[in-house]
Amino acid sequence: MARIDLVDLAQSYSGNDAPLESFALKPVTMTWRQGGAYALLGPSGCGKTTLLNLISGIVTPSRGKILFDGQDITPLSTQKRNIAQVFQFPVIYDTMTVGENLAFPLKNRGVAKAEVNARVRQIADLLDLTPYLNRKATRLTADAKQKISLGRGLVRSDVAAVLFDEPLTVIDPELKWQLRSKLKALHRELDLTMIYVTHDQTEALTFADTVVVMHDGRVVQSGTPAELFDKPAHTFVGYFIGSPGMNIVPAEVSGHEARIDGHVIGLRRNYGVLPAGKKIDIGVRPEFVDVAPPASGLLSAKIERIDDLGRIQFARVRVGNTKLAARVPPGFAVSGDTAGLVFNPAYVHVYADSHLVEGVA
Amino acid sequence: MDKTINQKAWFLVLPVFLVVAFSAVLPLMTVVNYSMQDTFGNNQFFWNGVGWFKELLDPSTDLGGRFLASLGRNLLFSAIILAIEVPLGIVVALSMPREGWSVAACLVILALPLLIPWNVVGTIWQIFGRPDIGLLGYTLNYLGFNYNYVSNDLDAWATVIVMDVWHWTSLVALLCYAGLKSIPDAYYQAAQIDGASRWAVFKAIQLPKMNRVLLIAVLLRFMDSFMIYTEPFVVTGGGPGNSTTFVSIELVKIALGQFDLGKAAALSLVYNLIILIVCWVFYTVMTNAGTERPAKEGAA
Numbered sequence: 017m018a019r020i021d022l023v024d025l026a027q028s029y030s031g032n033d034a035p036l037e038s039f040a041l042k043p044v045t046m047t048w049r050q051g052g053a054y055a056l057l058g059p060s061g062c063g064k065t066t067l068l069n070l071i072s073g074i075v076t077p078s079r080g081k082i083l084f085d086g087q088d089i090t091p092l093s094t095q096k097r098n099i100a101q102v103f104q105f106p107v108i109y110d111t112m113t114v115g116e117n118l119a120f121p122l123k124n125r126g127v128a129k130a131e132v133n134a135r136v137r138q139i140a141d142l143l144d145l146t147p148y149l150n151r152k153a154t155r156l157t158a159d160a161k162q163k164i165s166l167g168r169g170l171v172r173s174d175v176a177a178v179l180f181d182e183p184l185t186v187i188d189p190e191l192k193w194q195l196r197s198k199l200k201a202l203h204r205e206l207d208l209t210m211i212y213v214t215h216d217q218t219e220a221l222t223f224a225d226t227v228v229v230m231h232d233g234r235v236v237q238s239g240t241p242a243e244l245f246d247k248p249a250h251t252f253v254g255y256f257i258g259s260p261g262m263n264i265v266p267a268e269v270s271g272h273e274a275r276i277d278g279h280v281i282g283l284r285r286n287y288g289v290l291p292a293g294k295k296i297d298i299g300v301r302p303e304f305v306d307v308a309p310p311a312s313g314l315l316s317a318k319i320e321r322i323d324d325l326g327r328i329q330f331a332r333v334r335v336g337n338t339k340l341a342a343r344v345p346p347g348f349a350v351s352g353d354t355a356g357l358v359f360n361p362a363y364v365h366v367y368a369d370s371h372l373v374e375g376v377a
Numbered sequence: 019m020d021k022t023i024n025q026k027a028w029f030l031v032l033p034v035f036l037v038v039a040f041s042a043v044l045p046l047m048t049v050v051n052y053s054m055q056d057t058f059g060n061n062q063f064f065w066n067g068v069g070w071f072k073e074l075l076d077p078s079t080d081l082g083g084r085f086l087a088s089l090g091r092n093l094l095f096s097a098i099i100l101a102i103e104v105p106l107g108i109v110v111a112l113s114m115p116r117e118g119w120s121v122a123a124c125l126v127i128l129a130l131p132l133l134i135p136w137n138v139v140g141t142i143w144q145i146f147g148r149p150d151i152g153l154l155g156y157t158l159n160y161l162g163f164n165y166n167y168v169s170n171d172l173d174a175w176a177t178v179i180v181m182d183v184w185h186w187t188s189l190v191a192l193l194c195y196a197g198l199k200s201i202p203d204a205y206y207q208a209a210q211i212d213g214a215s216r217w218a219v220f221k222a223i224q225l226p227k228m229n230r231v232l233l234i235a236v237l238l239r240f241m242d243s244f245m246i247y248t249e250p251f252v253v254t255g256g257g258p259g260n261s262t263t264f265v266s267i268e269l270v271k272i273a274l275g276q277f278d279l280g281k282a283a284a285l286s287l288v289y290n291l292i293i294l295i296v297c298w299v300f301y302t303v304m305t306n307a308g309t310e311r312p313a314k315e316g317a318a
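For the record, the sequence lines run as chains A and B.
At position 300 of the first sequence (counting the first as 1) the number is 316 in my numbering, and the numbers step up by one without a gap.
At position 183 of the second sequence (counting the first as 1) the number is 201 in my numbering, and the numbers step up by one without a gap.
Derived from the structure by calculation, the hints contain no laboratory data.
A few of these clues could be false.
[Claimed, not checked] For each label pair, taking beta carbons as the anchor points, the in silico distance ranges come out as: (1) 248(B) to 96(A): 49 to 57 Å; (2) 125(A) to 98(B): 54 to 62 Å; (3) 151(A) to 274(B): 51 to 59 Å; (4) 321(A) to 122(B): 35 to 43 Å; (5) 126(B) to 76(A): 28 to 36 Å; (6) 36(A) to 305(B): 36 to 44 Å; (7) 154(A) to 27(B): 49 to 57 Å; (8) 217(B) to 197(A): 22 to 30 Å; (9) 30(B) to 154(A): 41 to 49 Å; (10) 321(A) to 21(B): 53 to 61 Å; (11) 217(B) to 32(A): 49 to 57 Å; (12) 305(B) to 146(A): 27 to 35 Å.
Ideal placement from N, C-alpha and C gives every residue a C-beta, glycine not left out.
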């Protein structure tokens, strides 16, 4: 168990001299606290697996350092790094029984037999694998195999961190929920640092205390699920997290006011005069925009369709060329195809070139 | 409900029927026919029942003695070349590059011996090993080894075995390489994470994943080496004495040299049967290996 620090860590698959923009992982400096449950969230190709493989040592970084408890382990091989990783597709050793599979990482490290047995039994118990311990692993179903992979990742008690690379991809949705809660329980029980890579926001938000959102090789925000939801640091976070994603609307902002198509929306904070030449947007989640009957004080929008999500309804509307989603308040009946939009000023954020601008209270 | 009756379908089967009849059934039945008879030339045949088969299995007769001795030599030969070529092929496959231009180069170089006709291979080694003009033979003798495959049994065996290893290890290596290439990277990465040693990776991942191709390699190499004729015939002609006379060489001697068609027919049937049985046993054993082993007691 350890605190993991990344110092200016970067990776390019086409050599260190390649332009920074082409790097799979742009330089990142961050700290993973001991015992935390982290999710690395981002779309395919955003560099999250690269970051994971750098931490586990499968890939050697082009630049920067990785520290475990302050100790530089960058040059160490995977075997010497004391890290566990579970891959997207189950990896099992065909000739071994389930028990032998679970024991493999311990045996390779010369752990005493009694301790191996005890640990294997504990992990098998936690993952409901006990009845299969003496069975050949080849004959099991995909999710049982993935449980074995998970088990092999969790069986060592002394690891600095357990890394999961989209481990539930091959699992049925029903079992996904179960396994995810299981992982969460295991995290509490075993007190391991866990880093969980996924492109599924539900998976990330339910598993982790801290979600790290990546986009285009960069870490754009890391925070609790609530922080990511309420105050996205980057328009990408707003758009990627939440369903539907955050509305991003080009606007002119000065002081306490944002101007869309000449219509003024009040802001909670004072933004003074924003630097010229940057692309200014306001971002507001659909949950904090309500549709209302058209009125002179409201930004008017054209309703395109209503999405009924059961618990809540969202209206898809259009203001000029910009598409937005807005909440349909309970009891509000949409009539006609125009509506006014009511913004909740506390949740309207301002972005300059996609990055959050902090206003002054 | 009536079935459609269309006798024309027989015509569709007819070509296959004819081909199989003329290429397999009729020749085989001819051999079976010969094996029950004795001939003194002039197309005169005398009924001999199972006489030849009895003789074949009785070492005290001339036929039985020659058959069993050559069978023994043949089995020893197959065992030796399997014991060399399979591990060697695995080692070659493991040390081949996994990507880059060198892969293509390796594959071409490995494939070369396989493309050379049998009798050419024999001729190459026949000359290569000659003490007077052959590079290998001359060099060995120059270095003080008294190497002569024409007069020394052991040298003859060594030459034939090395020749076979030279000719066929590539096949095993290529098959193993194909097996290795099909292992996803994640397995190697997982093994790294699990702290597996090189040997453990081989034992837990590579060998089990090569299981299938190794089965094919062993079967092919066994059958080929058990039926070997051309190469030793060109190099040693079965000598010195009878020391490298394998079953097929003996068979040709009896059938074409002595024109004992009955004996030769009986021998070839038994020969054929042995190959079938051994292949069946190999196949059954190797496909069941690892799947029906009872689970061991205790988890770890």
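Now for the hints, and whether the structure bears them out:
1. 248(B) to 96(A): 49 to 57 Å: holds (54 Å)
2. 125(A) to 98(B): 54 to 62 Å: For residue 98(B) against residue 125(A), whose Cβ atoms are near 40 Å apart, the range 54 to 62 Å is violated.
3. 151(A) to 274(B): 51 to 59 Å: holds (58 Å)
4. 321(A) to 122(B): 35 to 43 Å: 57 Å Cβ-Cβ, so the 35 to 43 Å window is violated.
5. 126(B) to 76(A): 28 to 36 Å: holds (32 Å)
6. 36(A) to 305(B): 36 to 44 Å: violated (54 Å)
7. 154(A) to 27(B): 49 to 57 Å: Since residue 154(A) and residue 27(B) have Cβ atoms about 44 Å apart, the given range 49 to 57 Å is violated.
8. 217(B) to 197(A): 22 to 30 Å: Violated, at about 39 Å.
9. 30(B) to 154(A): 41 to 49 Å: About 43 Å separates the Cβ atoms of residue 30(B) and residue 154(A), which means 41 to 49 Å holds.
10. 321(A) to 21(B): 53 to 61 Å: holds (58 Å)
11. 217(B) to 32(A): 49 to 57 Å: This hint is violated: roughly 34 Å between Cβ atoms.
12. 305(B) to 146(A): 27 to 35 Å: holds (31 Å)
Violated hints, in rising order: 2, 4, 6, 7, 8 and 11; the structure is consistent with all others.
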